[in-house]
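S.K.: First to last, the sequence lines map onto chains D and U.
Oh and the first sequence: position 11 is 119 in this note's numbering, straight run, nothing missing.
Oh and the second sequence: position 94 is 77 in this note's numbering, straight run, nothing missing.
It is worth saying that the hints were derived from the structure and are not from the lab.
Each residue gets a CB set at the ideal place from its N, CA and C atoms; glycine is no exception.
Don't take every hint at face value.
[What the hints assert, rightly or not] Chain U is faced by these chain D residues, among others (derived, beta-carbon under 8 angstroms): (1) 112; (2) 115; (3) 150; (4) 156; (5) 164; (6) 201; (7) 209; (8) 213.
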Amino acid sequence: EPEVTQTPSHQVTQMGQEVILRCVPISNHLYFYWYRQILGQKVEFLVSFYNNEISEKSEIFDDQFSVERPDGSNFTLKIRSTKLEDSAMYFCASQRSNTGELFFGEGSRLTVL
Amino acid sequence: ILNVEQSPQSLHVQEGDSTNFTCSFPSSNFYALHWYRWETAKSPEALFVMTLNGDEKKKGRISATLNTKEGYSYLYIKGSQPEDSATYLCASRMTTDSWGKLQFGAGTQVVVTP
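The following block holds chain D by itself, in its conformation from the complex (with noise of 0.2 angstroms):
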């Protein structure tokens, strides 16, 4: 069955240090997602990608994000210089049509020191 995969499954990097999350979505699926869930909270939305544009973001989605589809399979999330608040799990999640559940990958693990 074909599912969303992402890597790394954990990194820890150091305050002020640019981390890049990986997604492979599913191929067939046209709409993008990233989420976080910081430890003992809810998961938060933080940015949807459609046609190879933004189209929505989260409060959180400041300039230290960014999202990229660079060569049609993968879709990464980066985060230019991390703050010790980004420490979550970061999960993507891509949708066939924009009306039916999400895929979400194992998540992305991220310890910021």
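Position chain U against the provided structure of chain D, taking the given hints into account.
M.R.: Chain U only, in chain D's frame:
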């Protein structure tokens, strides 16, 4: 209600027993309600996407109902099995939001003991 809330936070069920739990969501500007099942160390897996008031959906022993006027949904597990142990997340999408922008509840953690 401004946020998506789930109750209870956790529940323990004996194998074979049936159980249910609640998701409350903002009823104004409602578009859709999603239910996901999330096992530890795995990805959240979609159970249902519901849009119509009074809608009822079923997948095996799991079913869900939706009341959009009062802003709640129930998830039912009939004859719970140990493999039903997971966190069940509901998430609401509003008409004012883009397609996959969901507001999640904190989840109900279900533990089924043999």
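S.K.: Work down the list of hints and note, for each, if the structure agrees.
M.R.: Status of the hints after comparison with the structure:
no.: 1; hint: 112; in the structure: 7 angstroms, holds
no.: 2; hint: 115; in the structure: 14 angstroms, violated
no.: 3; hint: 150; in the structure: 5 angstroms, holds
no.: 4; hint: 156; in the structure: 5 angstroms, holds
no.: 5; hint: 164; in the structure: 4 angstroms, holds
no.: 6; hint: 201; in the structure: 7 angstroms, holds
no.: 7; hint: 209; in the structure: 3 angstroms, holds
no.: 8; hint: 213; in the structure: 6 angstroms, holds
Violated hints amount to a single one, hint 2; each of the other numbered hints is respected by the structure.
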